[in-house]
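> Chains G and U, in that order, are what the protein sequence lines are. Going by this note's numbering, the first sequence opens with residue 1, and the numbers climb by one from there. Going by this note's numbering, the second sequence opens with residue 1, and the numbers climb by one from there.
No wet-lab data here; the hints were simulated from the structure. Predicted model, so just to flag it, every value in this text is computed and none were measured. Please note that the accuracy of each hint is not assured.
What the hints assert, rightly or not - A few chain U positions that, by computed beta-carbon distances, are all more than 10 Å from chain G:
#  : residue
1  : 32
2  : 38
3  : 42
4  : 57
5  : 86
6  : 102
7  : 108
8  : 115
9  : 117
10 : 122
11 : 133
Said to hold, decoys possible - Subject to a maximum C-alpha distance of 16 Å in a straight line, what follows is the list of computed EDC-like cross-link-like pairs (lysine to aspartate or glutamate):
#  : chain 1 : residue 1 : chain 2 : residue 2
12 : U       : 113       : U       : 80
13 : G       : 90        : U       : 88
14 : G       : 108       : G       : 37
15 : U       : 90        : U       : 110
16 : U       : 113       : U       : 4
17 : U       : 113       : U       : 133
18 : U       : 141       : U       : 129
19 : G       : 90        : G       : 116
20 : U       : 90        : G       : 11
21 : G       : 132       : U       : 88
22 : U       : 66        : G       : 37
23 : U       : 90        : G       : 9
24 : U       : 24        : G       : 55
25 : U       : 24        : U       : 34
26 : G       : 112       : G       : 9
27 : U       : 46        : U       : 88
28 : G       : 132       : G       : 37
29 : U       : 141       : U       : 80
Said to hold, decoys possible - Here are some chain G residues pointing at chain U (derived, C-beta under 10 Å):
#  : residue
30 : 27
31 : 33
32 : 62
33 : 64
34 : 82
35 : 102
36 : 109
37 : 112
38 : 113
39 : 127
40 : 136
The beta-carbon is built from N, C-alpha and C at its ideal position, and this holds for glycine as well.
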Amino acid sequence: MAATVSYDDVEVGTELPTATFPVTRATLVRYAGASGDFNPIHWNEKFAKEVGLPDVIAHGMFTMAEAIRVVTDWVGDPAAVVDYGVRFTKPVVVPNDDAGAVIEVSAKVAAKLSDETRQVRVDLTAVCDGQKVLGMARAVVALA
Amino acid sequence: MALDQSYVGRTYPATDPYEVGREKIREFAEAIGDANPAYTDPEAAKALGHPDVIAPPTFVFAITFKAAGLVIQDPQLGLDYSRVVHGDQKFAYTRPVRAGDRLTVTSTIESIKSLAGNDVLLVRGEVHDAAGEHVVTAHTKLVARAAEEA
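If we strip away everything but chain G, and leave its shape as in the complex, we get:
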């Protein structure tokens, strides 16, 4: 593990660089293939509407994968993430057009957990179309 951010250099409230992640229907088809999750709510508009959704929605696990990139890009070594959890609170609705949807992710250091293990808790916020799509999104990260 080779984190490039030092525990001594962060404080509670330190903000990580934000990022935005576009997601189109093509993104979802690709993610379905790579992840093996072929649930039709992620690619079939007719099916999605039949089960009461407004339109095709992104895989929750896709949003979870994008959100942690704010942490792994910041810390350098993805192995620095020792714990990561989210609640899927709102779906990311992906219209059938070129623009699709955009997930905006911000994150900040919420707690310095231990001077010994040099771990911090990072709280993440993921927003799409003005609404939070993840709740309780938290990672424990081991810093240098």
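Starting from the structure of chain G, add chain U where the hints point.
This is chain U only, laid out in the frame that chain G set:
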């Protein structure tokens, strides 16, 4: 219909090993648009202290969720999969998944709750490598929405 509480604590047999390939990790990293070289370049991964390319943190879900299928499709448990949505997901890592790993998953039903007519099932998937060492534990909360009243 509420699920049978007696299934809490039930552990299902370990899965056959899943062999993690470099190209599968690359495919996943490309699908999430993540260009971190630790996922695709063995030399970059080695520079960080890893023996081979590592997988993005959520990669392992594909393996643990497939294993959770044993629980979801257990006819005795009787979960209505057509009504299931993913509520929460959490991972606790001992180390990152990496290319060359042969991973087995052991799924356990951690809890069963009934909330406002919804069945809430918490499944723990313990992932071990070929040496029997712990790699990661996935906690997956599934919510089977209540059937609409006729």
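> Are the Cα positions of residue 141 (chain U) and residue 129 (chain U) separated by 16 Å at most?
Since the Cα atoms of residue 141 (chain U) and residue 129 (chain U) sit roughly 24 Å apart, the hinted pair is violated (cutoff 16 Å).
> Going by Cβ atoms, does residue 122 (chain U) stay more than 10 Å from chain G at every point?
With a cut-off of 10 Å, residue 122 (chain U) remains clear of chain G, as the shortest Cβ separation is near 12 Å.
> A closest beta-carbon separation below 10 Å is what the hint needs, so does residue 62 (chain G) meet it against chain U?
holds, 7 Å
> For residue 115 (chain U), is the shortest CB-to-CB distance to chain G above 10 Å, so the non-interface label stands?
holds, 14 Å
> Keeping to a limit of 16 Å between CA atoms, is the pair of residue 66 (chain U) and residue 37 (chain G) held or broken?
holds, 9 Å
> Let me know if the C-beta of residue 112 (chain G) comes in closer than 10 Å to any C-beta of chain U, holds or violated.
With Cβ-Cβ at 20 Å, over 10 Å, it is violated.
> Would you check the hint for residue 108 (chain G) and residue 37 (chain G), treating anything up to 16 Å between C-alpha atoms as holding?
violated, 31 Å
> Regarding the pair residue 90 (chain G) and residue 116 (chain G), is the alpha-carbon distance no greater than 16 Å?
Answer violated: residue 90 (chain G) to residue 116 (chain G) is near 37 Å, above 16 Å.
> Beyond 10 Å from every chain G Cβ: check whether that's true for residue 38 (chain U).
violated, 6 Å
> Going straight from one Cα to the other, do residue 24 (chain U) and residue 34 (chain U) come out at no more than 16 Å?
Since the Cα atoms of residue 24 (chain U) and residue 34 (chain U) sit roughly 14 Å apart, the hinted pair holds (cutoff 16 Å).
> Per the CB criterion, is residue 113 (chain G) less than 10 Å away from chain U?
Nearest chain U Cβ about 14 Å off; hint violated.
> Given the hinted pair residue 24 (chain U) and residue 55 (chain G), is their alpha-carbon gap at most 16 Å?
violated, 29 Å
Violation of the numbered hints given earlier is confined to hints 1, 2, 4, 5, 14, 17, 18, 19, 20, 23, 24, 27, 28, 35, 36, 37, 38, 39; the remaining hints are satisfied by the structure.
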